[in-house]
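A.B. asks: Counted the way my numbering counts, the sequence shown spans residues 11 to 156.
Hints listed in this document are in silico derivations from the structure and should not be mistaken for laboratory results.
Mixed in with the good hints there might be a few duds.
What the hints assert, rightly or not - Distance windows between CB atoms, simulated: (1) G44 x R148: 30 to 36 Å; (2) I47 x V151: 30 to 36 Å; (3) I66 x Y87: 14 to 20 Å.
Stated by the list, open to error - Derived EDC-like pairs: lysine to aspartate or glutamate, alpha-carbon spacing no greater than 20 Å straight-line: (4) K130 x E145; (5) K130 x D115; (6) K130 x E75; (7) K138 x E97.
Computed from a prediction, not measured in an experiment: that's the story for all the values here.
We put the CB at the ideal spot given by N, CA and C, even for glycine.
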Amino acid sequence: MRMALSASVSACVAGGCVQIDHRMRSRRARGICGTTIALIANMARGVVSGHSKTIILSGVGYRLELRGCRLTMFIGYSHPVQYAVPEGLAASLQSPTELTISGTDKQRVGEAAAHIRRYKPMEPYKGKGFRYADEAMRLRVRRRSK
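Using the sequences and the accompanying hints, generate a full structural model.
C.D. replies: So this is what it looks like as structure tokens:
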């Protein structure tokens, strides 16, 4: 995997370890250094064990189908919605309403999951739509007229 470094950060690979140092002594450079360390750690973790994101679809009659790398979503529109899973990522269905996206790049996995979720985000009154498995959504109480 490759990663572009900021001009304020230098990296040195020695003996299987990556050493990151900030060139400038500013608060911003230290922040960029910490972000770079976290990104490299996520890259290493992705190569070793991979990253995954689970999305759950709620709603009567809503379902997902996966054929090869094409995801078909039946989410209450007059037509099925198609989504091509990006190259380098894998999608699998645990049930017709539960989708898991996995891959080695944490940013791309999260980006693909967010893109799918944008088709039908969970609405706050009935809870219909996509939500992440680890996301806690509280339903709102409807206002009643007097």
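A.B. asks: Evaluate each hint against the coordinates.
C.D. replies: Each hint, compared with the structure:
1. Under the hint 30 to 36 Å, the C-beta atoms of G44 and R148, about 33 Å apart, fit the expected range.
2. Distance hint check: the CB atoms of I47 and V151 are about 44 Å apart, inconsistent with the given range 30 to 36 Å.
3. Separation of I66 from Y87 is about 19 Å and conforms to the stated range, judged on CB atoms against 14 to 20 Å.
4. Our distance criterion of 20 Å between C-alpha atoms is met by K130 and E145, whose separation comes to about 15 Å.
5. The hinted pair formed by K130 and D115 fails the criterion: a straight-line CA distance of about 24 Å is larger than 20 Å.
6. A hinted pair counts as satisfied when its Cα atoms are at most 20 Å apart, and K130 with E75 qualifies at roughly 16 Å.
7. Using a Cα cut-off of 20 Å, the hinted pair K138 and E97 is violated, with the two alpha carbons roughly 29 Å apart.
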